[in-house]
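Work from the hints to combine the two standalone chains into their complex.
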Amino acid sequence: MNTYNWLIRREFWENRAIWMMPAVIGAVMILVALFGQVNQVSIPLQLPSQTIGGGFLLAVAATFFAVMSIYSTWYLLDCLYADRKDRSVLFWKSMPISDTVTVTSKLANALIIIPLVYFAAADLTALVMAFILSVRASSQVGGALWHADLWLQMQVLWLYVIAVSALWYLPLAGYLLVVSAWARRAVMLWSILPPIALILVERWFFGTHVIANQLGERLVGMGALAFRDPQGCCSWASTVVDNDTIRTPVSIWGFLNPGGFLSSPETWIGAAAGVALIAAAIQLRRRRSEI
Amino acid sequence: MTALIEARELTKKYGAQVALDRANFSVQTGRIVGLIGPNGAGKTTALRAILGLTAYEGQLQVLGREPLRDRTELMRDASFIADVAVLPAWLRVDHAVDFVAGVHPRFRRDRAAELLAKTQITGKRRMRELSKGMKTQVHLALTMAIDAKLLVLDEPTLGLDILARSAFYDALVNDYMDETRTILITTHQVEEVENLLTDVLFIDKGRIVLDSSLDDIATRYAAVAVAADRVDAARAEKPFFERRMLGKVVLYFEHPNLEKLAGLGEVHTPSVADLFVAKLSGGSE
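As given, the protein sequences belong to chains S and D, one line each in that order. The numbering used here applies: residue 2 is where the first sequence begins, and numbers increase by one. The numbering used here applies: residue 5 is where the second sequence begins, and numbers increase by one.
Chain D with its partners taken away, still in its complex shape (with noise of 0.2 Å):
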């Protein structure tokens, strides 16, 4: 089976810096993969590129296609906010619907009526009079009413309400996704995520350091808190980060002998937030 998104040497540079750097990953169909990474790590970057916003170097395709030669044909299949709040000033919200509904054969009108139904926005109010939640929940009750196979989501719910995050986060996994859709969804609220994402992609200064499902994270990390006076003993077993907590230490272990652990302390799968900062912090030296 080939994967929906295939990524290889992704390398993309302005002018010295570099933004990605030769990243490598795949996404496959019916994930719900979320890119983490710390701000300037390329996540942006990598995303615009999937959506042929942006040239770059190595290769890549998405749905079997190049995203910078053939994004209009791409654009029928996926669908994106690659950013809150990029809806124009001046558009009405009943004209947005109008225009989506004019101009994109998968756009369902009757879905995004339904969904916007939902919020207290009419039709007539234009961009500029509206909140910046109620613009996110505008441009998302369009993406969401758009039966794509590749949604992109480049932090969606910034501006939102705990409510309206929650309840977006619901619709998302209940109303949108099924076996033929995929998400990409990158976020700085990782715990919020967490329990809807199938795989996790963690991007640090332009390079992939780590593509996993979250059933393989299960099985390949694990953190073990120990009490002070264990400490020895546990960094005897090579963890690759350690953090204090509440008087004890947290290690952190790729390919855990787990027998050795469970003597030492209380063993655990490790949150995706505190994989990513362990990674972050600790794997790279």
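One chain only, chain S, in its complex shape (with noise of 0.2 Å):
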């Protein structure tokens, strides 16, 4: 564990935009709110108080986790190349540590400790933002930024989220972690050839596009798996606004499945495929040292 620890603290020390990256969106979205035109926003006076600060946190927390998932991808698809790039590999295999324990701490750091990181950031930037907000925008905002029970559903949500994503992405991270310990050049460039010209063989010689579907599945399917279709499923608070009836969930509790996702054969399939790239990409660093 005490191993781990270092690795960790070594990935901070090289990929400083672990934390710089999410301090500077957030920064940046403070300072909108300090300067920027708050009060000239417009929000429906009908809307449900909840709907407005719902609103405000699943959009503070989506910009966070879309650049989140872009960092993540990118460090896993660089984290093996990089130090064999500038040969680097040869002081970090001088010490003894196995190159499971090295493979598998860059993927919790992609997969767990980097989302961890964005999910602090993105809280403290909401609890600074609804601060100021409530102090410019009283007269459109009130008290809507300050339900204790969104902030904790926030939380869960967001846990929520880590943990699914973790398990359901095992086979992308895997993939990436592979071309990361394999390319001798152009991580970028092989991380997208291979899938593009398997889709384009499949598509030439045999007519169909299983490889296209099972593809776009792991991108965008986690949802239908880790969530419960809104309709029937979560408590709804219904709006009038210019004649347009605007229904918004009040809860997520309803709206999460973890049972449905742990019970689908899908996640624990794209787990095993991971494992087994996880595994290959810890062979390729054992035997590919250098570049």
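Hints were generated in silico from the structure; no laboratory data involved. In this text, all values refer to a predicted model and were calculated from it rather than measured experimentally. Errors might be hidden in some of the hints.
Unchecked claim - Think about it this way: if two alpha-carbon atoms lie no more than 30 Å apart in a straight line, the pair counts; the simulated DSS-like pairs of lysine-lysine are:
#1 D:LYS136 x D:LYS122
#2 D:LYS264 x D:LYS242
#3 D:LYS252 x D:LYS17
#4 D:LYS209 x S:LYS86
#5 D:LYS17 x S:LYS86
#6 D:LYS242 x D:LYS252
#7 D:LYS264 x S:LYS86
#8 D:LYS209 x D:LYS242
#9 D:LYS136 x D:LYS153
#10 S:LYS86 x D:LYS252
#11 D:LYS264 x D:LYS252
#12 D:LYS153 x D:LYS122
Said to hold, decoys possible - Anything over 10 Å on all C-beta distances counts as not near chain D; from chain S, calculated:
#13 ASN6
#14 LEU8
#15 TRP14
#16 VAL90
#17 LEU91
#18 PRO97
#19 SER99
#20 ALA164
#21 LEU190
#22 GLU203
#23 GLY208
#24 MET223
#25 ASN258
#26 ALA280
From the three backbone atoms N, C-alpha and C, an ideal C-beta is built for every residue, glycine too.
Here it is, written out as structure tokens:
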């Protein structure tokens, strides 16, 4: 555990973007809240306070989550390649740390630690913004940003999404690690070319698109398994704004579907493929020291 | 007594190119062994195999372990500098010390601090800000602070000036080396290490062409400098190499007849550097 601790620290030393990027995003959002024309934003007065508060929290979280997904993807692609490129792998390999520990520390960093850093940054940003907006735009938002139950739901949602994504995206993470441990240059290109080549080959020779469907399903399919169809599972609030009825869920509790996610074969087939790919990345790391 | 490093038929191919060609050698505990060969001879490949950084064919045991399979365990007892200037550019000196202290059970932090104090390098600096020589000093300080049974150094003083080089070798022999340790070293500057080596391994085209202690070299090899008119008489003793020097001819012999040679000219034990040139230029023809 101590070794993992040091390896995670080492990742933070090398990749200062892990904490600098969320810090910059948070700072920009706070600056906008401070100096933007927030009192001119029109929020339909009829909307329930909970909808405004929930929308605010979701918007902040989604921004951080989107950037985090892109960063983690890039990180996985780069992490085993960078130290082969600058040959520092020769220094890291002179330490009594197995390749399994090295590779899994980078995996844990990408799937758990980095998301947690963004989660903390999102929370802190939302908190500061809520203070500022409550003062600067009090006439529009009132107490909408201070529903304790919404904040609690947001914490649960973050942790749930982090846990579910770590399992669901394990095969993609494993694939990126394989490319990172294997490629001699152009990791980005090497990560994109094989799937495209496979999709095209399948299409030309068999006229089918099983691979494309599977890949698409893996990229966007998590939501349908990890969350229930919102119709009929959530408590809803209806509001009429300019003759349109706006229905917004006021609670996420009925929305999460961990049982459905964990009992789905897709989850576990993917996880098994992920474990196999990670094992392959460890073997490549063992045998391919230098470029 | 079993050897610390034991290689039998060690072979490594990169495609059609053979980097190591059934090399046999062993290294005993307590020795300082120079692995010496021209560029592309297989030195680096041999070191990579010994350190568990590359797959190989044949048999190889280092500290009783199979390097590639047991690299993690091996690295508790062996330390290495596989090349200079491989510390990553973003790493800070104090972080490097913290990291090694955190993950290496045999790292002595006080020793590293002592070695770094002798340099002008401060802890907050990153490797990218340091000169090549300074980076080498940091790496050497980290490595020499590890209580290892085997220390492997590949061109350890590349980029260091003469003073730093001589200080390094002094520290290596006087402070670091003792009878429980073993050092395997490669360098281009053979003259510089010649006085501290106890054994040499000459490697050429992937094969070991000489595996000898320096004591054995003194009894097994001799060189004689003769005047031009005596060259033919000396050639009758079957030298394996000869070269012209300042109007004289120096001839190199294996298992020499010292009495006869003494009658021809000035007999001396060849230096490691001279023997290396002689063996690799003439020995294989």
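Cross-check of the supplied hints:
1. D:LYS136 x D:LYS122: 17 Å, holds
2. D:LYS264 x D:LYS242: With Cα atoms ~12 Å apart, D:LYS264 and D:LYS242 stay inside 30 Å; holds.
3. D:LYS252 x D:LYS17: Roughly 43 Å separates the two Cα atoms, so the pair is violated.
4. D:LYS209 x S:LYS86: 27 Å, holds
5. D:LYS17 x S:LYS86: 22 Å, holds
6. D:LYS242 x D:LYS252: 18 Å, holds
7. D:LYS264 x S:LYS86: 58 Å, violated
8. D:LYS209 x D:LYS242: Holds. D:LYS209 to D:LYS242 sits at ~25 Å (cutoff 30 Å).
9. D:LYS136 x D:LYS153: 27 Å, holds
10. S:LYS86 x D:LYS252: Measuring from Cα to Cα gives roughly 51 Å; hence the hint is violated.
11. D:LYS264 x D:LYS252: 18 Å, holds
12. D:LYS153 x D:LYS122: Distance of about 24 Å is within 30 Å: holds.
13. ASN6: The claim breaks: S:ASN6 does not keep its Cβ more than 10 Å from every Cβ of chain D (closest is about 7 Å).
14. LEU8: 8 Å, violated
15. TRP14: 6 Å, violated
16. VAL90: 8 Å, violated
17. LEU91: 4 Å, violated
18. PRO97: 4 Å, violated
19. SER99: The claim breaks: S:SER99 does not keep its Cβ more than 10 Å from every Cβ of chain D (closest is about 4 Å).
20. ALA164: 28 Å, holds
21. LEU190: 23 Å, holds
22. GLU203: At about 32 Å from chain D, S:GLU203 clears the 10 Å cut-off, so the statement holds.
23. GLY208: 38 Å, holds
24. MET223: S:MET223 clear of chain D: closest Cβ-Cβ about 34 Å, beyond 10 Å.
25. ASN258: 41 Å, holds
26. ALA280: Consistent with the label, S:ALA280 stays out of reach of chain D, its closest Cβ about 16 Å off (over 10 Å).
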